[in-house]
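Asker: Chains W, C and B: place on chain X using the hints.
Below, each chain spelled out in residue letters.
4 protein chains.
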Amino acid sequence: VRELFECDLEIFPLATGTAANSLAIAAMTPPWGGVFCHEDAHIQRDELGAPQFFSAGAKLIPLPGAMGKLDRERLAVSIAEVEASRGTAIPASISLTQATEAGTVYRLDELQAIGELARRHSLGVHVDGARFANAAAALSVSPAELTWKAGVDVLGFGATKNGALAAELLVVFRKELAQELTLRIHRSGHRFSKMRFLSAQFEAYLEGDLWLRNARHANAMASTLGAQLQAAGIELLRPVEANVVFARFTPVLDEALRAAGFLYHDWPIFGPGAVRLVTGFSTKIEDVETFCRAAGAVSSKAGAV
Amino acid sequence: VRELFECDLEIFPLATGTAANSLAIAAMTPPWGGVFCHEDAHIQRDELGAPQFFSAGAKLIPLPGAMGKLDRERLAVSIAEVEASRGTAIPASISLTQATEAGTVYRLDELQAIGELARRHSLGVHVDGARFANAAAALSVSPAELTWKAGVDVLGFGATKNGALAAELLVVFRKELAQELTLRIHRSGHRFSKMRFLSAQFEAYLEGDLWLRNARHANAMASTLGAQLQAAGIELLRPVEANVVFARFTPVLDEALRAAGFLYHDWPIFGPGAVRLVTGFSTKIEDVETFCRAAGAVSSKAGAV
Amino acid sequence: VRELFECDLEIFPLATGTAANSLAIAAMTPPWGGVFCHEDAHIQRDELGAPQFFSAGAKLIPLPGAMGKLDRERLAVSIAEVEASRGTAIPASISLTQATEAGTVYRLDELQAIGELARRHSLGVHVDGARFANAAAALSVSPAELTWKAGVDVLGFGATKNGALAAELLVVFRKELAQELTLRIHRSGHRFSKMRFLSAQFEAYLEGDLWLRNARHANAMASTLGAQLQAAGIELLRPVEANVVFARFTPVLDEALRAAGFLYHDWPIFGPGAVRLVTGFSTKIEDVETFCRAAGAVSSKAGAV
Amino acid sequence: VRELFECDLEIFPLATGTAANSLAIAAMTPPWGGVFCHEDAHIQRDELGAPQFFSAGAKLIPLPGAMGKLDRERLAVSIAEVEASRGTAIPASISLTQATEAGTVYRLDELQAIGELARRHSLGVHVDGARFANAAAALSVSPAELTWKAGVDVLGFGATKNGALAAELLVVFRKELAQELTLRIHRSGHRFSKMRFLSAQFEAYLEGDLWLRNARHANAMASTLGAQLQAAGIELLRPVEANVVFARFTPVLDEALRAAGFLYHDWPIFGPGAVRLVTGFSTKIEDVETFCRAAGAVSSKAGAV
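Residue numbers (my numbering), protein chains in the order written: chain X, 1 to 305; chain W, 1001 to 1305; chain C, 2001 to 2305; chain B, 3001 to 3305.
Next comes chain X alone, as it looks inside the complex (with noise of 0.2 Å):
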């Protein structure tokens, strides 16, 4: 791993995404810091609680941002009123989701400036990378650039979307986290006295980038599954940048495809008929244009009436 990132760094296998967010942030944030993050982080909307329950209680503040993004210059003015407030929180750490929950990805440039932003306040930086590998696939930059070189202190490096049993990988650039995460996870049950299980998959994971290879095909097969949909006249919400396709689907194309046995998670928050469509390592183009000429079936034929 220290040579895939280029430099000094210390790691914990993990079995789940939960586990590997919640440590980073309670290692970076005591129980009175905040952590600012998307609104749509899952951090935010799908954990229960974790990094509150990790930290002892640090609060999580939820930023709107376009494109699932945390945007910058939103962020600095949301830092500025929790400094300037006599008891929000004391802000702490900042975390970011790559690529995000809206299956866009963060540039270069915007993960330095809030490296920067974060710097400048003594904040810890910390990526969700569930989906880290197609990020890197998408933007083709070097896992070192797209982390510390960028300012980013903790980063789970997901493997379980990607190929992986149940298998995490918490890689920590600021050293000086890791005597206490070891004490952390023994302590929250998340230390494997059998680890080997977790550490071998590693090991395959990294050999001949086959976690660069799935990940490209991922999102090969999202970007194929979203130029075909839109072809054929459904609307994407997102654009397609991962492994993730967000679209609108018309009630009657939504009851078609369920009728035909496609399975898919409804995504309201994104607005009536959103549903998000994921693709993965072992996703076959055959099973796209299966459900991509099932859909464009319907799509036309409504679009006829």
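Be careful, since some hints might not be right.
[Stated by the list, open to error] Simulated crosslink set (PhoX-like; lysine-lysine; CA at most 20 Å straight-line):
(1) B:Lys3194 / W:Lys1194
(2) C:Lys2175 / C:Lys2149
(3) B:Lys3175 / B:Lys3149
(4) W:Lys1284 / W:Lys1301
(5) X:Lys175 / X:Lys149
(6) X:Lys194 / C:Lys2175
Simulated from the structure, these hints should not be mistaken for laboratory data.
Answerer: Leaving out everything else, chains W, C and B in the frame of chain X:
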């Protein structure tokens, strides 16, 4: 206290409003629970995470709302969103402030609407009543109507801002919460071995409606203050309904008043030039008039230019 | 699992024993609660405060007890003392380990006596069953008898030490605890998106009583190991009832065995020279015999001197 | 306070001893930390887990010790055991009570020996000084010698039991702890908006050594009480060194005294018939004598039989 509120209840004398708020919220909110509150609430902006600390991690869900009040419709939407989310929090309680941080007062029908909504979703209702006396005085409605009859489960009945040394009374209408509160109070260092010094204050406070008379006086002073400032051409930023006046001071006016020795707080969250002026049980009409004359003098001079 | 335990119940697959223990305890113990346990229990000596973390501060009350077991009389005295104290904790639960950390096994009547005591004081009963299979194999008593029929509310049914990769099953007999456990598991990062990889292990584990056959084998190996060491004149420090052997090695013996490449743990809390030897599902009789021959050779030579 | 303690330091006025103890311990003990204390300490037996609450889960490690005092040798052994264990806790601090819960007083050399041990293991040292004044009066040693010069980092300097309404002073010698303490006090509801009512008490308390004069009086009353009881043939259970007397009352004596209207606490942890008699700043010599005469009358009558 039972007589005053016309019902059976339990009370806990405490020394700070933050303790009262946090204990009340913790009694009704599990660690994974969500607490709906106004975005300017004391629990959200001023207590450095005390509700999270006492509840072992509950999440505040701050909402915008005109005039410092929670809006029933906005609240209903937010409750539905949190219920629908995959893991924001489990909705558990609503906390409102009466009189509000904006110096306004929830009308009885507004309280009842929120109480009814809470009941429908099985949420607890907490009232931060640091200025409850001022609200009761403003509305001329009985304490019972303003609390349990409207669906309030726990009230922090403030005295510190209304004549007492450091005394708040946690009034628990949902009596089954009382036993656990006893333990939480013990465990958080808020059990006083010489509690009689707190209780004695409340005997005096309640006797002959001293609490209400103090509050009426403070409200009257605020009303006069607001009227005279307005008469002097100074903009009021919120309606004056209790004992707090928010006004906009020009830099010239601000500088002149401070130079003359007047002390008050800037209130930047209400916009540039915003200040907060608070009256109390001991505010004298002469002092109000002196202040307003001084403000008027600067203001009219500036107007002449 | 319902068939195996002959009752209705809920299960939660987890990956570590510490998670299983802490979640079970937190489900039955409020932050101000006391957990009675043996002073050598894993929760007391090995988990770096995990039970306190998950329960938001509950207090372990460690008790001495011969052969690594909680003694019913000693336990009754301690419960009475804590109840009488002015603020040690509110007695909430009993946690026992089966098979114990001393390699011994609670007999059915011992379990029943503790269960009856718990019921009388309305305490929850948790069994840390990291080695439950070994206890069941040793006692030839049904899992139902060893758990809910004796008053056990929650069992951590371990598989990690008995053939699985990293798999424990939280078995909840008091079903009303299940809903909250779901939230606690989510919030502590122990909910696996690919839980099927845990569940699959349990299918194999339970099929054809593999769990019991593995444990019987491990127990038999320990029994042989203990007998052969004793035959070689080496002192055993605890009766061998499951799959763990505690022996006293002289410095000469210890050095010789380690020099020969054997690996085992010192166990200083059992006195000078104490070592812990653990057998497992994959221990081969040849390896036991090789080890005992090596030990015997050194031992007899030393005796000759 | 700086003058009194002859050094630079920070102070925090608080209203309860439990708050002072818990905040001091939390400031020096991480969630995974261990706090060594006497098994009869107030933090262990009387605060319902307050230290765990404030520290987010630290573990108290209660130790036996003659005369209510931590024994340096026993303490050293326990520290070594915890350090050697695989996960009991990370040793973090020592908390001792001066004067102790047994009414005894640590001599200066005893304090220094513990301070030296703490330094060697990098542990913080907290003194629960609810009766610090009585200890200082008993020893005729300067407050500086009894605290920072002996290695104490934080002292809870009690006044509530020695004349004040509800006032304790957290005296922080290790000044780098002060900033975080400010936040912890805010967040736990122990920051008083009208702190002047606490501070005013300390001005009076310290002026003209009122604190020491009060304590000397209380100690003298206890000394007389103990001597007269002993003269009346009543067994004292602990040496009388400060303002607390532990005696053994026969059932007959106990019944007679209570029938005569005297109020005192049973103290069953010191054996059958044990009672605790506490003198204070306001105890009158006449009252002591009346009590002793009453006790003597019953006692001699019983003896005559």
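Asker: Would you mind marking each hint as holding or not holding in the structure?
Answerer: We went through each hint and held it up to the structure:
For the proposed pair Lys3194 (chain B) and Lys1194 (chain W), the alpha carbon gap of about 18 Å is at most 20 Å, so the pair holds. This hinted pair checks out: Lys2175 (chain C) and Lys2149 (chain C) have alpha carbons roughly 15 Å apart, not beyond 20 Å. For a cut-off of 20 Å, the pair hint linking Lys3175 (chain B) to Lys3149 (chain B) stands: about 15 Å separates their Cα positions. With a CA separation close to 26 Å, the supplied pair Lys1284 (chain W) and Lys1301 (chain W) exceeds the 20 Å bound.
For the hint pairing Lys175 (chain X) with Lys149 (chain X), the CA-to-CA distance comes to about 15 Å; that is within 20 Å, so the pair holds. Among the hinted pairs, Lys194 (chain X) with Lys2175 (chain C) is inconsistent with the structure: their alpha-carbon atoms are about 30 Å apart, more than 20 Å.
In summary, the numbered hints that this structure violates are 4 and 6.
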